[in-house]
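Undergrad: Given only the sequences and the hints, what does the whole structure look like? Please build it.
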Amino acid sequence: MATFLAAGAVGGARKVLAEVQQPNRVHRSKVALSMYRDMPEGEIAIEEFERFAMDRLRVLKGVDDLKAKGFRVDQMQDKVIELYDKHMATAQREEKQRKDAVSHFVLRLAYCRTEDLRRWLISQECDLFKARFKDLPPRDQRVFMEANELPFRPLGRPDFEEVQEQLAQVLLSLGQAQQASALLNGKVPPESYYKVPFEQVPDLVASRRVYLQAGYAYVSKDQMSSLVVQPFRSALSKALVLTARRWAAVVAPAEADRLAPVVESLSQRYLGPDYSDAEKRGVAGTITARDIPVLSKSSFPLCMVSMQQALHDSHHLKHDGRMQLGLFLKGIGLPLEEAMCFWRTEMAAVAPGDKFDKQYAYNVRHNYGKEGNRKDYTPYTCAKIITSTPGVGQVHGCPYKTFSQESLRSALARLQVAPSNIEAAVGMAAAGNFQLACESAWEGKHGCACNTGINHPNQYFEESRKAIQAQQGPADPAAATVAAGGAAAAAAGPPKTPGPAAPAAAAAAAAAAGSGGGATTQLQDVLGGSSQQQPQPDSAPPAKVQRTD
Amino acid sequence: MSEQPVAEVKAEVKLEPAAQPADADFTNVGVQFLMAPYYSRLFPHQEVYKWLAYGNDGKHPMVDASFFQHREFCFTLDGDIFVRYQSFKDGLELAAALKDRCPSKIDIGPVYNVEPQRRAAYQGSGQGFCPMERELVFDIDLTDYDDVRTCGREGHICIKCWPLMAAAIKILDAGLRQDFGFQHILFVFSGRRGVHCWVCDERARKLTDEQRSAIASYFAVYKGQERGVAKLALGLDDHPALARAYALLKGAFEDRILPEQGLLEDEAQRKAILAYLPNDAIRNAVERRWDGVSSSADRWEALQDEVETEAQALEANRKSSEGARAAKAMRKAVKDIVCAYTYPRLDMEVSKKMNHLLKAPFCVHPKTGKVCVPIDPEAAWEFDPETVCTVGGLLNQLNSNSAAAAQGEEPWRATDMSQAVETFRACFLDALQAEVKEGLAEKLRQAAAAPTLAW
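Those protein sequence lines, which keep their order, are chains A and B. When we follow full-length UniProt numbering, the leftmost residue of the first sequence carries the number 1, and every step to the right adds one. When we follow full-length UniProt numbering, the leftmost residue of the second sequence carries the number 1, and every step to the right adds one.
Be careful, since some hints might not be right.
Unchecked claim - Here are some, though not all, of the chain B residues that point toward chain A, as calculated from beta-carbon distances under 10 Å:
#1 G175
#2 D179
#3 R203
#4 Q211
#5 S213
#6 A214
#7 S217
#8 A233
#9 A241
Unchecked claim - In the DSSO-like style, the derived pairs of lysine-lysine whose C-alpha atoms are separated by at most 30 Å in a straight line are:
#10 B/K443 / A/K195
#11 B/K352 / A/K195
#12 B/K352 / A/K67
#13 B/K319 / A/K187
#14 B/K223 / B/K359
#15 A/K384 / A/K370
#16 A/K96 / A/K79
#17 B/K206 / A/K238
#18 A/K384 / A/K61
#19 B/K437 / B/K170
#20 B/K353 / A/K195
#21 B/K328 / A/K187
#22 A/K67 / A/K86
#23 B/K352 / A/K238
As the list claims (entries may be wrong) - Computed far set for chain B versus chain A, every beta-carbon distance over 12 Å:
#24 G58
#25 G79
#26 H156
#27 L248
#28 A285
#29 A316
#30 R318
#31 L432
#32 A434
Derived by calculation from the structure, the hints in this document are not laboratory data. Built from N, CA and C at the ideal position, the CB exists for glycine as well.
TA: Here it is in structure tokens:
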């Protein structure tokens, strides 16, 4: 880690941020929430630069997912706060504000370049801001507004008493009888209400959710969040445009080999578990070619099932399909010899004996890094699969995107997904939320909720195995190792970055070497609490591991 | 018609050879032919200009002479020819254009950032050609109430269905003044079957489309029909504005609309009203009571009585909160009926956008010949749409009073138009002028107080 902070690079990250932002006076806020007007002080290690940003990105993507799933803003409130606390937690409290600020500014750099990226960032950041603002107690809200010079002041006692009855009546009309009586009984302090010109809250006026008098709207503190977010949104929007200009003009050339790659890749970064090296994850050698049909029916995602089906029926897959399926199989732990055996058998009708060796064997070995430039290819992520478009006669890509609604329905039915989930999945696919559709199908097949979301076909597979284990009870060491492999894989870090993955990989190797059981707890200690994505089954006492034949 | 002997009439004719023949009656002439004399002698050019100039018509140092020039007018010429983006240097030029071209209708649009006549030069550059200010406007049309009035349909208007408009005027007026703090509000008869409302405060003129839409939604309760019953955005408990509106509407419903429209007399109407009651039991109970009485007023009494009895029974029988809720729901039926039949039904599209054109006050309706006169909201109930002055009638008056008219004043002062203009001034223009004047004085004070380089 420390090797990254080359002498002279210390403080470099902050300098870069400073050049593209507009630093103002230092501001130590007493409240946890910030308008991000000022840059954080002090040095920022490159490693923090990246890690903080990715944690924040997880929160923002989580917010986006919640919205795509159709949650309304009030329902999302608790979940968003939970997400934030989970990913943005730090060892010390003071650090939390710094992480908040640093991660926000780094994401500004990463998401300023195109209009679409800017719009996405603004949308998620505003929803996050609203949720966090609503979470503040009224006293903190007032401090926040004063500190940021927002022109909203709460009511004084005489004003409040003058309109108390009408405020209660409005609450009643909104169905909030309890709050209405609390207000009438004097249990609500005057600071819970703000008096603003009606022009500033058109949405509240239109739905008659506020009391109006002489051109002023009396807004409750819960409704204030939609008011306070407006200056936040416009400030962020302006800042992003400026940032884009200055990044392109000033910094990108200077930082081309250091920060630019990190920043530019952040927006496409895959944030899920690492499926690159099956050996490291301890799943190598656990699957054989004979297991594949069985596993396909129970745990493969739809994309892999349909490819495996097509391969089986027509004894052939075109190149892209072979890559997608082949790498997936490598990711679930199919070793090279078994893979060769599998492909040879499946394609026997079309490419017997010699022909197979000449045309296809090389590719299989290439996938495993045994030929050519010996590159160890990573199984494709959902994002990559979704963007690939199959042509005529090809079956790769994401079926939620490429299949018609009818084909999708029948395919999911053949997979034994529950009918209501089939409908939900078809609907989400039609709306363009392919990964959510896959998640819905997963839930419909396994009969329980998917805790992690689906970002990778191998993730689907592993979650599936875990769920099946949980339902059957831990049955055999192969399953336990798979679970442990999954645990090791839940590391925060992109594939191929040596730094953070190294200790995790080392621990995983140790775990794989040891017996399945103790590994899980060891791993949990090594990786710490923050980015784990382990549902209950993993933490079941290892003593329950049995051998069944 | 006086009963003078024929000889005297002839004598009168001889004395004033300039006067028109005694049997000329302009009410029989096609409206379009009368537009020329209307604009030259009856249209109150000065007053309309004073309004639209918003104080920029004088010689005060802080006057913005270009303000009026950026206002769009749209003329509808004979034969339905629309001519948009007309703009004029000042009131005199506008008056000359009206007298010259005699449009059958004048629409007023927004004030743009440049003269509408020269918009082509600005489109595509910078901000382009865009509206800067525009009064907040509302349009209420009796045709939207066809399902709840029995005296006629479509373009029909009479003294029996006018109370629906009067109620709308009252509610809008109260809401705009008390809730939104607006002060310069003008209500105008639309000429055939409705009312327009112009809110001319500076704060109102500067509202964005989104804010206008929000205000229109604030007043919107009627949301269309569903299976013969009106859909209303009403909950069990009312927002204070709705409570205030309901208090007014209930009185209007019981005193004027119910009896005059005979809403509980024929079979179809009775069924329609019964549909608002929550269940068959109460419907049957009410129908049984109706067998004994026949007038709408009595039947309404009976309905309310039954509902109240039932509500009290619900309160007593069930557990406290559930019973109270059920009772509220029962009583709400009465509120639903009153609101479905009388709550203002605004045309949302008119209010939503800054660049929506709206007919100007003092236009003449081409089909009825009626003048779009201002309405005093305090006297809304007493306004009679059937006796609104028409262009033919006014010209008739002009003739018979031609002696008075010849004294150098505007000719319309000798006719009923003077009443309409008086309403315009008293209810609207005078207050607006006072505020505008104060605004100019304030600007002058600020300019004087600002530091300058002058010694």
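Undergrad: Each of the hints needs a verdict: does it hold here or not?
TA: Against the structure, the hints:
no., hint, in the structure
1, G175, "9 Å, holds"
2, D179, "4 Å, holds"
3, R203, "7 Å, holds"
4, Q211, "5 Å, holds"
5, S213, "7 Å, holds"
6, A214, "4 Å, holds"
7, S217, "4 Å, holds"
8, A233, "8 Å, holds"
9, A241, "7 Å, holds"
10, B/K443 / A/K195, "28 Å, holds"
11, B/K352 / A/K195, "25 Å, holds"
12, B/K352 / A/K67, "29 Å, holds"
13, B/K319 / A/K187, "27 Å, holds"
14, B/K223 / B/K359, "26 Å, holds"
15, A/K384 / A/K370, "24 Å, holds"
16, A/K96 / A/K79, "19 Å, holds"
17, B/K206 / A/K238, "24 Å, holds"
18, A/K384 / A/K61, "17 Å, holds"
19, B/K437 / B/K170, "28 Å, holds"
20, B/K353 / A/K195, "27 Å, holds"
21, B/K328 / A/K187, "26 Å, holds"
22, A/K67 / A/K86, "19 Å, holds"
23, B/K352 / A/K238, "28 Å, holds"
24, G58, "28 Å, holds"
25, G79, "41 Å, holds"
26, H156, "33 Å, holds"
27, L248, "17 Å, holds"
28, A285, "29 Å, holds"
29, A316, "21 Å, holds"
30, R318, "17 Å, holds"
31, L432, "17 Å, holds"
32, A434, "19 Å, holds"
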